[in-house]
Amino acid sequence: MFKQIKGRSGALMVGLLGLLPSLAMAEEATLDSGDTAWMITATVLVLFMTIPGLALFYAGMVRSKNVLSVLMQCFAITALMSVLWALYGYSLAFDGTGMEAGVTNLNSFVGGLGKAFLSGVTVDSLSGTIPETVFMTFQMTFAIITPALIVGAFAERMKFSALLWFMGIWFTVIYAPIAHMVWGGDGGLLWDWGVLDFAGGTVVHINAGIAGLVACLVMGKRKGYPGTAMPPHNLGYTVMGASMLWVGWFGFNAGSELAADGTAGMAMAVTQIATATAALAWMFAEWISHGKPSVLGIASGAVAGLVAITPASGTAGPMGAILIGAAAGVGCYLAAAKLKRAIGYDDSLDVFGVHAVGGIIGAILTGLCAAASMGGVGLAEGMTIGGQLWIQTKGVLFTLVYSGIGSFIILKIVDVVIGLRVTEEEETEGLDVSQHDERGYIL
Amino acid sequence: MKLVTAIIKPFKLDDVRESLSDIGVQGITVTEVKGFGRQKGHTELYRGAEYVVDFLPKVKIEAAVAADMADRVIEAISKAANTGKIGDGKIFVFDLEQAIRIRTGESGPDAL
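Top line first, the protein sequences correspond to chains A and B.
For what it's worth, this note's numbering labels the leading residue of the first sequence as 1, then goes sequentially.
For what it's worth, this note's numbering labels the leading residue of the second sequence as 444, then goes sequentially.
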């Protein structure tokens, strides 16, 4: 039970502060109404990130003929993942049966089916100090936003039916196992390696980012890219969406403590500081290289900062947050504005450039910023900064390889069976009309 | 009668309207248009993707006036729309064959 009891914070308490598991186990778990109130709020905030936050963020960046398609994709993913999570996703990610600290077996990679159909999750069951229903729903919102993030990479060209198939399978064989390996508790592969990922740098952002890159490579460029102008059709939506993501992210990061305590408070503070720093960093980087500070730039910078502070939000201090924010703002700007052009892939809305690159910067710097000498909470006993950096790097590489290869295989299968792309004619007409028989703007 | 057509910068529209009223022009027609001249277009940049916008927004004014007023109209527009910078626009003058006020059926200069 302990594995689930403290969730993600459990590893930190045990790993970083050196508390013995037996000590924690000795305490009888009781419901804490303060923690519960905060976690219900945090869950709502994370759902708010996807709908409407991410949906609007993306909707503004596509052309007007595709505005409904991305809103629809985010909305449909929200619904589909919720149902799959209840049926078996929660179990695959958080059923701890067969797991043992330091022992690598099948259950190190994926959870069992003991909690399938949410069996055993009742009004009375607890997960730490909060109801298990709240823990389960909180984690559900993460399982929702991660696939939804990928939508940006192949926006404006994927068939809706193919999207549902891809997302359903991806959730099952990529998301749930990675969530299990990182957050599943003692016996989880990356958990046992000692990877620090407080709120989902590997599980959410690197995972979605690399899947996005693979998807846009497998599907190919949009018709006319890069010769034809494809400017965002309504940056107002994008700024509103980015602002909602910023606000909602406090649920994501401070909520990942699974309690209303000091770590949650620090997670909130570093989230704000890193995000603000990254927004400024992207804005100034663009100002210097192009001559004008752009609205899309500062909004993108904020999202890059949010992504990068995510894995570090439970361990970094305020000055570490500034370092992470600055690195992410500049790094993601270079990836989205320069690297993509140089290589020539069509990651429509920069899922790789912002989420994978920001996630990698954050995941690796987490190893540095967690150190007490950097103002963090301190590394596990006997762990050096170099050692932690290597563990972080291993976590990043594992996620890149697992999600990259897995996504490639899923995409190829879906492509063979039903086809991934809309026809050229449908693409030109726009997905709103060709996929949904509707138009975003009837003016 | 003359038809004076002017392409001007949008933000100069109020100034031009005022100075035309001052010299007794009874009515004008205004259209939002796009085009290019020596000012050419401008570039927009979205996350490093640069787009050249070839056509800039301008305002087209049409004023039908008596032949003896044409010079004053041209002068008024020229003064009011002038910023001295590239892209101030142009004025074209046409001979106007006929004008009819629909309500009354009046024609010629009386209809203006």
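Derived by calculation from the structure, the hints in this document are not laboratory data.
Cβ atoms here follow ideal geometry from the backbone N, Cα and C, with glycine treated the same way.
It is possible that part of the hints are untrue.
As the list claims (entries may be wrong) - Listed next, with one range per pair, are the computed distances between beta-carbon atoms:
hint	chain 1	residue 1	chain 2	residue 2	range
1	B	Lys503	A	Glu429	28 to 34 Å
2	A	Val433	B	Ala554	32 to 38 Å
3	A	Gly265	B	Val473	34 to 40 Å
4	A	Gly265	B	Thr486	29 to 35 Å
5	A	Met319	B	Val476	42 to 48 Å
6	B	Phe479	A	Gly265	54 to 60 Å
Claimed, not checked - Keeping only pairs whose Cα atoms sit at most 27 Å apart, straight-line, the calculated DSS-like set for lysine-lysine is:
hint	chain 1	residue 1	chain 2	residue 2
7	B	Lys522	B	Lys503
8	A	Lys292	B	Lys503
9	A	Lys394	A	Lys221
10	B	Lys483	B	Lys522
11	A	Lys292	B	Lys522
12	B	Lys452	B	Lys533
13	B	Lys503	B	Lys483
14	A	Lys65	B	Lys445
15	B	Lys445	B	Lys522
16	B	Lys483	B	Lys533
17	B	Lys477	B	Lys522
18	B	Lys452	B	Lys528
19	B	Lys445	B	Lys455
20	B	Lys533	B	Lys503
21	A	Lys292	B	Lys452
22	B	Lys483	A	Lys292
23	A	Lys292	B	Lys477
24	A	Lys65	A	Lys223
To be verified - A few chain B residues that don't get close to chain A, going by computed Cβ distances all over 10 Å:
hint	residue
25	Phe454
26	Lys455
27	Lys503
28	Asp538
Here is how each hint holds up against the structure:
Distance hint check: the CB atoms of Lys503 of chain B and Glu429 of chain A are about 33 Å apart, consistent with the given range 28 to 34 Å. Evaluation of the 32 to 38 Å hint for Val433 of chain A and Ala554 of chain B yields a failure: the beta carbon distance comes to about 47 Å. Between Gly265 of chain A and Val473 of chain B the Cβ separation comes to about 58 Å, which falls outside the hinted range of 34 to 40 Å. Look at Gly265 of chain A against Thr486 of chain B: about 45 Å separates their beta carbons, and that is not inside 29 to 35 Å.
A beta carbon spacing of about 55 Å between Met319 of chain A and Val476 of chain B contradicts the range 42 to 48 Å that was offered as a hint. A beta carbon spacing of about 57 Å between Phe479 of chain B and Gly265 of chain A agrees with the range 54 to 60 Å that was offered as a hint. Proximity of Lys522 of chain B to Lys503 of chain B is assessed by CA-CA distance (about 16 Å); at most 27 Å being required, the pair is judged to hold. Using a Cα cut-off of 27 Å, the hinted pair Lys292 of chain A and Lys503 of chain B is violated, with the two alpha carbons roughly 30 Å apart.
Taking the CA atoms of Lys394 of chain A and Lys221 of chain A, the gap is near 31 Å; set against the 27 Å cutoff, the hint is violated. Distance check on the hinted pair: Lys483 of chain B and Lys522 of chain B sit about 23 Å apart at the alpha-carbon level, within 27 Å; holds. Proposed proximity of Lys292 of chain A and Lys522 of chain B is contradicted: the alpha carbons are some 32 Å apart, above 27 Å. For a cut-off of 27 Å, the pair hint linking Lys452 of chain B to Lys533 of chain B stands: about 10 Å separates their Cα positions.
Of the supplied pair hints, the one linking Lys503 of chain B and Lys483 of chain B holds, its CA atoms being roughly 17 Å apart against a limit of 27 Å. At most 27 Å may separate the alpha-carbon atoms for a hinted pair to count; Lys65 of chain A and Lys445 of chain B exceed this at roughly 44 Å. Taking the CA atoms of Lys445 of chain B and Lys522 of chain B, the gap is about 19 Å. The hint holds against a cut of 27 Å. Pair hint Lys483 of chain B plus Lys533 of chain B holds up; C-alpha atoms about 14 Å apart against a cutoff of 27 Å.
As the CA atoms of Lys477 of chain B and Lys522 of chain B are separated by approximately 22 Å, the hinted pair is consistent with the 27 Å bound. For the proposed pair Lys452 of chain B and Lys528 of chain B, the alpha carbon gap of about 11 Å is at most 27 Å, so the pair holds. Taking the CA atoms of Lys445 of chain B and Lys455 of chain B, the gap is near 22 Å; set against the 27 Å cutoff, the hint holds. At roughly 10 Å between alpha-carbon atoms, Lys533 of chain B and Lys503 of chain B fall within 27 Å of each other, so this suggested pair holds.
Distance check on the hinted pair: Lys292 of chain A and Lys452 of chain B sit about 23 Å apart at the alpha-carbon level, within 27 Å; holds. In summary, the hint linking Lys483 of chain B to Lys292 of chain A is supported, as the alpha carbons are separated by about 20 Å, within the 27 Å threshold. A C-alpha spacing of about 24 Å is found between Lys292 of chain A and Lys477 of chain B, which places the hinted pair at or below 27 Å, so the restraint holds. With a C-alpha separation of about 14 Å, the suggested pairing of Lys65 of chain A with Lys223 of chain A holds against the 27 Å cut-off.
Phe454 of chain B, annotated as away from the interface, keeps every beta carbon of chain A farther than 10 Å; the closest lies near 20 Å. Distance to chain A confirms Lys455 of chain B as a non-interface residue, since its nearest Cβ pair spans about 24 Å, more than 10 Å. For Lys503 of chain B, the requirement that its beta carbon stay farther than 10 Å from each beta carbon of chain A is met, with the minimum near 22 Å. At roughly 39 Å from the closest C-beta of chain A, the C-beta of Asp538 of chain B stays outside 10 Å, upholding its exclusion from the interface.
Violated hints, listed in ascending order, are 2, 3, 4, 5, 8, 9, 11, 14; each of the other numbered hints is respected by the structure.
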